[in-house]
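Novice: Start from the sequences and build out the full structure, keeping to the hints where you can.
At the far end of the sequence shown sits residue 282, using the working numbering, and the numbering has no gaps.
These are computed hints drawn from the structure, not numbers from a lab.
All C-beta atoms in this analysis are idealised placements derived from N, C-alpha and C, irrespective of residue type, glycine included.
Treat the hints loosely; a few may be bogus.
As the list claims (entries may be wrong) - Derived CB-CB ranges, DEER-like:
#1 Ala260 / Ser211: 42 to 52 Å
#2 Val264 / Ala190: 27 to 37 Å
#3 Ala24 / Ile132: 16 to 26 Å
To be verified - Cut-off 25 Å, straight-line C-alpha distance, at most; resulting in silico cross-link-like pairs (SDA-like, lysine to any residue):
#4 Lys107 / Ala261
#5 Lys116 / Ala136
#6 Lys156 / Pro238
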Amino acid sequence: MSTTLKPAAPTTTTAPRRPGPLALAARQGRLEIRQFLRSRESVVFTMGFPIIMILIFAAIFDDEIGPGVSYTQYFITGMIATGLMTVSFQNLGIWIPIERDRGVLKRLRGTPMPKWVYFAGKVIMVVAIGIAETALLLAVSVALFDLELPGTAAKWFTFAWVSVLGVTACTLCGIAISSLARTARSGSAVVTPVALVLQFISGVFFVFTSLPSWMQQVAALFPLKWMCQGLRSVFLPDAFGTQEPGGSFELGRVALVLAAWCVIGLLLCLGTFRWTTRRDG
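Specialist: As structure tokens, this is what we get:
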């Protein structure tokens, strides 16, 4: 009795499917958000600092700076702009040097992952945390200080484009300034003083027109002043525009300056960003 052995069927192996560009960016974005939330110091400072400052200044100053406009209302618009700058410019300017010093960026550059995915993850984190922080600030301001939300679609649209252009400019500038820090520890020392000075001269803590004229001129060179001015047009009465330095909210100039800083920030990133520390060569 004979048996016939059938040849074994050839086995085929399929290579694992690589995730597409959008999937890679989304994965990196989720990673960045988790890393941010795990850092209690970053969460408390980024999310809590603007609210604490609103509570402090609202308890000290309760007078009116114009017809139907209280100091608290004016201050809240500046703190919304500051919150957006903190989560983008300040947060990236501090954390990227830490990742560079720890060798994270060097290892990422040696992987097959496209370099742009790293920056896409940072942008997704900034957008997600920025939206959450702004929503929290608005909720506190409406509940405790009677802030009136925009009543027209046009003002919500202005709020959107001012925030988008401002966050874009601050994000790019944060990535660029991160290259000035020589070590992980020096990141905060480089970025924090710049952020604080900009807040004091840009009409966040004080009414902008009450500042010395030279200080107003210096502030007009940087994005935060124009972010504050654009947001004032959203949350303050239209008549208050006459008290601005230009006699109106100048939304066209706001858009032009913020867009110009987006271009400047991009050029600075392309020319200065480093994946390794100076000691790595």
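Novice: Would the hint linking Lys116 and Ala136 be met if the CA-CA limit is 25 Å?
Specialist: Violated. Lys116 to Ala136 sits at ~31 Å, over the 25 Å cutoff.
Novice: Is the hinted range of 16 to 26 Å satisfied by the C-beta distance from Ala24 to Ile132?
Specialist: holds, 22 Å
Novice: Regarding Val264 and Ala190, is the given constraint of 27 to 37 Å on their beta-carbon distance met?
Specialist: holds, 28 Å
Novice: Should the hint that Ala260 and Ser211 are 42 to 52 Å apart at their CB atoms be regarded as holding?
Specialist: Given range 42 to 52 Å: violated, Cβ gap about 28 Å.
Novice: Assess, step by step, whether the Cα of Lys107 is no farther than 25 Å from the Cα of Ala261, and give holds or violated.
Specialist: Violated. Lys107 to Ala261 sits at ~31 Å, over the 25 Å cutoff.
Novice: Lys156 and Pro238: Cα distance at most 25 Å?
Specialist: Distance ~11 Å between Lys156 and Pro238 Cα, so the pair holds.
This entry does not satisfy hints 1, 4, 5, going by the numbered hints stated previously.
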